[in-house]
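Student: Taking the hints into account, I'd like the entire structure generated from these sequences.
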Amino acid sequence: MNRLAITAVAATVLALAACSKKPPAQLPPAPGQAVGPAQSALPPGGPTPGTEAHFQQVMNGRDVIYFDTDKYDIDSEDAAALRQQAQYLLQYGSVHATIEGHCDERGTREYNLALGDRRANAAKNYLVSLGVPADRLTTISYGKERPVALGSDEASWAKNRRAVTVILQ
Amino acid sequence: MTKPFIFALLLAGVAAPVVAQQAPPPQATAPARMPGADQPDADVGLTGRVTDESAWEDLQVAIPAFATDREAPTPANSNGTGALGLELARVIYNDLKNNALFKPTGPDSLPRPGYSEITAPAFGTWRGRGAEDLVQGYVRAGANGQLTVGCYLYDVALGQELTRGGWVVAPADWRRAAHKCADLVYSRLSGESPFFDSKIAYIAETGPKNHRVKRLAVMDSDGANHRFITNGQATTLTPRYSPDYSRIAYVSFLNGYSRLYIYDIRSGAQKLLVSSSNATFAPRWSPDGRTILYSVANGGNTDVYSVPVAGGSPRRLTDSPGIDVGGSFSPDGRQIVFESDRSGNQQCYVMNSDGSNQHRISFFGGRCATPEWSPRGDLIAFTHIVGDLRIAVMTPSGSGLRYLTNDWQDEAPTWSPNGRIVQFFRTAKGSGQTSIWQVDLTGRNLRRLPTPVGASDPAWGPVLP
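First to last, the sequence lines map onto chains A and B.
Residue numbers 1 to 169, in the numbering used here, belong to the letters of the first sequence in order.
Residue numbers 1001 to 1465, in the numbering used here, belong to the letters of the second sequence in order.
Honestly, the hints are just simulated from the structure, not real lab data.
Incorrect hints may have been included.
When the alpha-carbon atoms are kept at most 27 Å apart in a straight line, the in silico DSSO-like pairs for lysine-lysine are as follows [unchecked claim]:
1. A:K71 - A:K159
2. A:K159 - B:K1429
3. A:K71 - B:K1271
4. A:K71 - B:K1429
Chain A is nowhere near these chain B residues, computed Cβ spacing over 12 Å in every case [stated by the list, open to error]:
5. A1143
6. T1148
7. I1203
8. N1225
9. I1265
10. D1288
11. G1300
12. R1316
13. L1389
14. Q1409
Pairwise CB distance ranges (calculated) [said to hold, decoys possible]:
15. B:S1267 - A:H96: 31 to 39 Å
16. B:D1319 - A:A134: 20 to 28 Å
17. A:G46 - B:G1256: 52 to 60 Å
18. A:A155 - B:A1269: 42 to 50 Å
19. A:L168 - B:G1145: 32 to 40 Å
20. A:R83 - B:G1333: 45 to 53 Å
All C-beta atoms, glycine included, are put in the ideal place defined by N, C-alpha and C.
Tutor: Structural data, given as structure tokens:
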């Protein structure tokens, strides 16, 4: 457990070089532009802060991080997303979240359940390293059982190798 | 035993039809054309792709409709025991035909012997039709509603009886009598252990790829008597029959988390096997049914544990920092083959059942996943991953890699009770539709098992007593 946390953080540090794995074409925020939840101006009548809907709106896609085939390390892009998630979780100090680990379809079922658990925990450990109390985070692996992209191609598989942070109501 | 099934191997004298004791009138088999060597026909048992070297695979086996002593109503068939006799022979014929065993000819293209002929076959007629072996039988309805089914195997050339069997079954279990007869014929002619009278547990899949409903289901070895067990509200995975068929271990995401459950077939009750805050999955029974092997994911590290089914403390068998998952006992229960990525990617390992002496056995490149020990002990079936997922076998020392399939995604092999057939599931590219397939240990006779909906994670139970 601790070893994994260290591994995850170490991997992050080592993985600052550009990575080509990201499937969703999402531009990172411009330097200096604050995108944290505190600054997000929400229209009146929007989702209630501290809810999953609000979290998703604020994260704008960064509630999900993606992994390379068979990998579970947190790279710089993941780290940026997780920092935003941590910021949110620290701002709304009473919310609990679960992190779902997922895999693509190109593996055996049981191994993928274990691999999804690794991915979810890599994300969890990173959030904990940023100060989010561990007792507010749970993990669950769905292995290859819940794909979001339905093709049998590299682009779809890349979207399915993911860890999704979900606010528990 | 899961059902009130009265099984009796009747004494030879008892099994013989009573009429046979008297002078049987040799008559009247209004001979339709029997496929002989001179007249091959599409539906007469000459179409099997049997290329096994074994001579027995080429045997011409005739299976005419079973006779009945008298037409009687039975809950097993709305048209009575005569119609049931035809169905019995059809089940036996399909068992042998679908498994490419022998060259069977079924009752729909054969004359129907009378009751008195069952113990005194018209050998001359059968010889003339090119039959080398003959399966005849009868069905009688007893006063209590029970059915008595007799099954006789004859060597036509010698004009001799080879073996016989008799069973008393409840009407609902009539197909089991037919499977028992097919097992008797198969075992006697091939020298192999029987396997037809057995059941398969699997996961029935419906719905689109991103909203797949997965229900625990069971069926007979030929796909008949299909039954759903769970209602589909929670995803269920990887069922395994207990060795005595009384229970099924499986994974359910009931209440949102992956946990192991035991389903009691008789009572219908389901109970949690291990109380744990961690994900538990990949259940496997020990051969004696007393222990279940399973995997626990804890903080990103997965290890293999065992626990007494009757209750008791789990025992941790592996402690590598990598993923150790799955597992399958050797038939003597002394060893376990499992998979681990401790070397960097999925490979197969063997350890003693107490967790000692863990050593890698797969060194042939690619990944080795879902290893499953043959009930004969001499082979391990597994999923070999090199891009595509294929079913393969190897020896317990990891030598003799041999592929049984070559498709886009075949995984999770399990064995027939006699270790002769490997069963697995295939996933279709794109749609993700799943289906259950079987393939002979030789790699021949690959066939899809009929299921009403999509199907995955097949697991064969043992031969029923």
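Student: A separate judgement is required for each hint: does it hold in the structure or not?
Tutor: Outcome of the hint check:
{"no.": "1", "hint": "A:K71 - A:K159", "verdict": "14 Å, holds"}
{"no.": "2", "hint": "A:K159 - B:K1429", "verdict": "17 Å, holds"}
{"no.": "3", "hint": "A:K71 - B:K1271", "verdict": "35 Å, violated"}
{"no.": "4", "hint": "A:K71 - B:K1429", "verdict": "23 Å, holds"}
{"no.": "5", "hint": "A1143", "verdict": "51 Å, holds"}
{"no.": "6", "hint": "T1148", "verdict": "44 Å, holds"}
{"no.": "7", "hint": "I1203", "verdict": "10 Å, violated"}
{"no.": "8", "hint": "N1225", "verdict": "26 Å, holds"}
{"no.": "9", "hint": "I1265", "verdict": "24 Å, holds"}
{"no.": "10", "hint": "D1288", "verdict": "23 Å, holds"}
{"no.": "11", "hint": "G1300", "verdict": "3 Å, violated"}
{"no.": "12", "hint": "R1316", "verdict": "15 Å, holds"}
{"no.": "13", "hint": "L1389", "verdict": "7 Å, violated"}
{"no.": "14", "hint": "Q1409", "verdict": "7 Å, violated"}
{"no.": "15", "hint": "B:S1267 - A:H96: 31 to 39 Å", "verdict": "37 Å, holds"}
{"no.": "16", "hint": "B:D1319 - A:A134: 20 to 28 Å", "verdict": "22 Å, holds"}
{"no.": "17", "hint": "A:G46 - B:G1256: 52 to 60 Å", "verdict": "28 Å, violated"}
{"no.": "18", "hint": "A:A155 - B:A1269: 42 to 50 Å", "verdict": "45 Å, holds"}
{"no.": "19", "hint": "A:L168 - B:G1145: 32 to 40 Å", "verdict": "57 Å, violated"}
{"no.": "20", "hint": "A:R83 - B:G1333: 45 to 53 Å", "verdict": "51 Å, holds"}
Checked against the numbered hints given earlier, the structure breaks hints 3, 7, 11, 13, 14, 17, 19 and satisfies all the rest.
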